[in-house]
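Enquirer: In case you want the letters, here they are:
Protein chains: 2
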Amino acid sequence: MKPGIPKGTRDFSSTEVAKRNYIFNTIKHSFENFGFQPIETPSFENSSTLMGKYGEEGDRLIFKILNSGDYLKKVDENLLADKDSQKVTSKISEKALRYDLTVPFARYVVQHQNEITFPFKRYQIQPVWRADRPQKGRFREFYQCDADVVGSTSLWQEVEFVQLYDTVFSKLGLKGTTIKINNRKILSGIAEVIGASDKLIDFTVALDKLDKIGKDGVVKEMLEKGISAEAIEKVDPLFNFSGSNQDKLASLEAMLQGSEEGLQGVADLRTVVNNVESLGLDSASLELDVTLARGLNYYTGAIYEVAAPEGVKMGSIGGGGRYDDLTGIFGLKDVSGVGISFGLDRIYLVMEELGLFEAVELPKPKVLFLNFEESESLDKVKAIKTLRQNNIKSEMYPDVASSNNQQKKQWKYATNREIEFVVTTVENGTLVVKNMSTGEQTTCSLDELINKVQ
Amino acid sequence: MKPGIPKGTRDFSSTEVAKRNYIFNTIKHSFENFGFQPIETPSFENSSTLMGKYGEEGDRLIFKILNSGDYLKKVDENLLADKDSQKVTSKISEKALRYDLTVPFARYVVQHQNEITFPFKRYQIQPVWRADRPQKGRFREFYQCDADVVGSTSLWQEVEFVQLYDTVFSKLGLKGTTIKINNRKILSGIAEVIGASDKLIDFTVALDKLDKIGKDGVVKEMLEKGISAEAIEKVDPLFNFSGSNQDKLASLEAMLQGSEEGLQGVADLRTVVNNVESLGLDSASLELDVTLARGLNYYTGAIYEVAAPEGVKMGSIGGGGRYDDLTGIFGLKDVSGVGISFGLDRIYLVMEELGLFEAVELPKPKVLFLNFEESESLDKVKAIKTLRQNNIKSEMYPDVASSNNQQKKQWKYATNREIEFVVTTVENGTLVVKNMSTGEQTTCSLDELINKVQ
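Line by line, the protein sequences are chains U and V.
Residue numbers for the first sequence follow my numbering, so the first one is 11 and each next one is one higher.
Residue numbers for the second sequence follow my numbering, so the first one is 11 and each next one is one higher.
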């Protein structure tokens with residue numbers, strides 16, 4: 011039977027690793043350029059650190075690690091006889107795999123608060139694990155790439171994250187992304203104006219369908235959800251919410267006059283929008299999107315989401331926001347955090363679709379030395395040593411060919427690995443080199459080969 | 011209560027991440043320079059892939075992942091009542107965390123054999139997990155850095171690994187390492203000569219104590235283990251096993267005349283030693299060590315181990331060898347593999363001890379803009395945008411200082427993060443810059459600052 015891997019997990023070939031590293035390195039470079047510092051946390055945490063932080067559904071999706079040794083020994087017989095899996099879990103498992111990077115980060119900040127200089131700009135690029143039902147584009151093991159700042163409530167930080175998204179996507183060649191922005195305070199203001207904060211989710215869900223079902227359809231759905239006609243009337247401008255970000259801000263300001271919090275949200279967003287406009291973006295556009303409500307119960311200020319360039323069918327390729335009490339769950343109160351995340355797997359798929367990986371250097375030798383004559387091998391390996399010292403990836407086919415068939419195998423190896431230069435013989439310092447893309451065969455010295463390749 | 015992490019795991023600060031990445035990147039660069047290709051495998055494998063591959067002790071040390079959902083439902087009541095942890099494990103856990111990179115690699119090769127061009131030179135740098143008792147320098151989560159070749163029996167490959175060790179350690183500045191080499195065939199030859207292959211481990215263990223307990227002590231121990239005086243006499247040269255590698259090879263050749271396999275081992279080692287001598291090493295030395303027997307039941311040809319430079323107390327910082335039937339466990343017979351591994355954590359400790367991290371660029375901004383006047387902030391952020399476009403890491407302190415105390419906090423931030431250049435004000439294109447190491451304060455244009463920093 012052919013061996014396999016658990017569902018929802020992946021092997022990555024060297025080409026895939028190279029492409030993924032290209033994305034990671036671009037993100038990392040920009041993170042550091044913007045003053046963010048890397049940290050790393052363990053793959054598994056104490057269960058008590060993770061459980062209860064992601065809701066009931068989240069708790070279920072956390073991978074638990076079985077205790078080592080005779081883990082059943084101390085478990086109560088009756089509990090086992092009941093076969094209550096949930097109750098037994100806490101008796102036989104003390105550790106669990108990381109579910110995201112935010113909760114471990116909050117734990118890190120509290121644990122190391124005396125070593126950290128605040129505001130603390132950290133980034134973290136590590137895998138997370140979720141026992142989700144695997145499906146296209148959703149995996150049980152995947153990387154998150156997060157940048158967060160804790161210990162600052164400055165709106166400049168919110169401006170900076172827009173710049174950071176723009177910088178990374180521009181560097182990746184992913185032009186024409188839309189950075190959507192909203193503010194939780196505006197959503198709270200709308201809730202105040204429509205007179206029911208518990209209806210806010212119904213409201214935004216309905217409003218989000220405007221493109222598809224039109225104003226009449228949206229109003230009908232809102233009425234069905236118990237939002238009054240009078241309340242809907244008050245936020246009527248939202249049904250015709252187009253124009254520039256400035257137009258939208260003016261419209262929101264007029265609409266939210268009754269809500270202090272809502273007006274603060276408008277002021278905050280205006281600061282961010284104005285400063286981003288003054289600074290300019292390289293290839294992204296910033297769009298105020300009042301339907302944006304990701305993780306509503308979590309974010310308290312700015313909310314971000316990034317849409318792929320138009321024409322590419324893909325959900326959001328990034329998102330984030332501000333949470334005013336990030337570390338409170340671990341006992342450190344009133345530390346505000348704001349951060350964004352890059353969706354590696356989706357960015358990968360979009361870049362593949364748009365053919366943006368062509369510039370990526372694949373991890374293969376530039377020069378292959380064939381190995382037909384044992385007597386030449388040492389000279390070849392000496393030449394390879396020099397090539398490598400000049401940072402030219404190179405290798406000799408390790409086994410000497412003792413038959414025609416074996417020689418063919420070596421040529422096939424060169425073709426399969428798409429190697430550019432193949433050296434057939436080395437004699438008295440003269441190399442016979444075949445350029446595999448042109449088919450041209452030349453003789454040259456090692457120095458000449460180095461120049462040719464560089 | 012202060013939050014913590016599971017025993018045997020670690021948080022890494024940004025300084026530690028930077029130093030670790032310096033080692034990883036040096037290793038990676040050399041791996042690719044030598045023609046090795048990266049692959050990555052999932053953090054967890056099907057238990058059937060891992061169990062039974064590392065012996066009974068290994069099986070116990072593998073971290074098992076609890077099945078999701080109502081995992082007890084289908085487990086037999088009697089089995090639970092028996093509380094036989096080991097038997098229950100296979101019913102409630104299907105997946106397990108990677109224990110090393112070799113078995114997943116073997117699984118990968120067999121699973122993807124039709125996509126792979128052989129010989130396949132792969133490298134893999136990923137964490138592994140072991141439920142070992144944590145102690146100084148031994149962790150439950152740690153990285154392995156492996157390079158292996160499968161599908162070639164060439165001794166050139168064994169030469170290349172010596173070169174690879176030498177290159178990596180030289181590049182890291184870790185000069186004076188000793189690359190110890192042996193060959194399983196020589197050990198088999200010794201077993202043949204002493205007339206008992208089942209005594210080989212006793213024999214090498216005793217011989218390894220030569221430095222400490224002298225010849226008489228070693229002979230005494232061997233006799234106690236049931237090795238005959240006559241047999242010991244036959245391998246007498248091993249008790250005086252010094253001199254050059256060539257001397258040792260000559261001595262072994264004389265001693266192993268009675269064993270065909272032993273003589274083959276001498277011939278193999280001689281080829282490797284001669285070629286390494288012809289090629290030269292940058293900073294390491296190669297030493298034939300006949301007591302080297304790591305993973306005796308595993309390796310079938312070359313055996314490697316690297317010792318840190320003299321004077322540094324540390325176990326081996328790398329090791330490896332050839333295993334003739336790497337993929338047989340997954341049904342693909344007769345594929346030889348040879349590979350080496352770098353011990354990241356020990357290399358890190360040695361480099362720290364020798365002060366070799368001084369050249370590592372820490373992930374911190376080069377330039378910090380203080381934020382004392384809201385009216386200057388936009389100009390500062392514009393300047394920062396230009397600095398970043400010039401690849402100069404920079405940032406503005408995000409919150410504006412509205413008191414003397416808050417200004418002091420910003421200066422303290424600059425000091426704590428060891429920032430080189432601090433910009434206090436920006437007015438009409440003129441920057442006031444303080445060089446934090448000299449204390450010198452100057453006014454200059456942005457272009458002049460860029461030149462200064464670069």
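Worth double-checking, as some hints may not be accurate.
Any copy, or any two copies together, can satisfy a pair, since identical chains are not distinguished.
Stated by the list, open to error - Derived lysine to aspartate or glutamate pairs resembling EDC-like cross-links, with alpha carbons at most 20 Å apart:
| hint | residue 1 | residue 2 |
| --- | --- | --- |
| 1 | 219 | 292 |
| 2 | 181 | 156 |
| 3 | 418 | 142 |
| 4 | 17 | 80 |
| 5 | 222 | 125 |
The hints are simulated quantities; they were obtained by calculation from the structure and are not laboratory data.
Enquirer: Taking the hints in turn, state whether each one holds.
Expert: Status of the hints after comparison with the structure:
no. : hint       : in the structure
1   : 219 to 292 : neither (30 Å within a copy, 67 Å between copies)
2   : 181 to 156 : within (17 Å within a copy, 31 Å between copies)
3   : 418 to 142 : neither (48 Å within a copy, 49 Å between copies)
4   : 17 to 80   : between (28 Å within a copy, 18 Å between copies)
5   : 222 to 125 : neither (52 Å within a copy, 45 Å between copies)
In summary, the structure is inconsistent with hints 1, 3 and 5 from the numbered list given earlier, while agreeing with the others.
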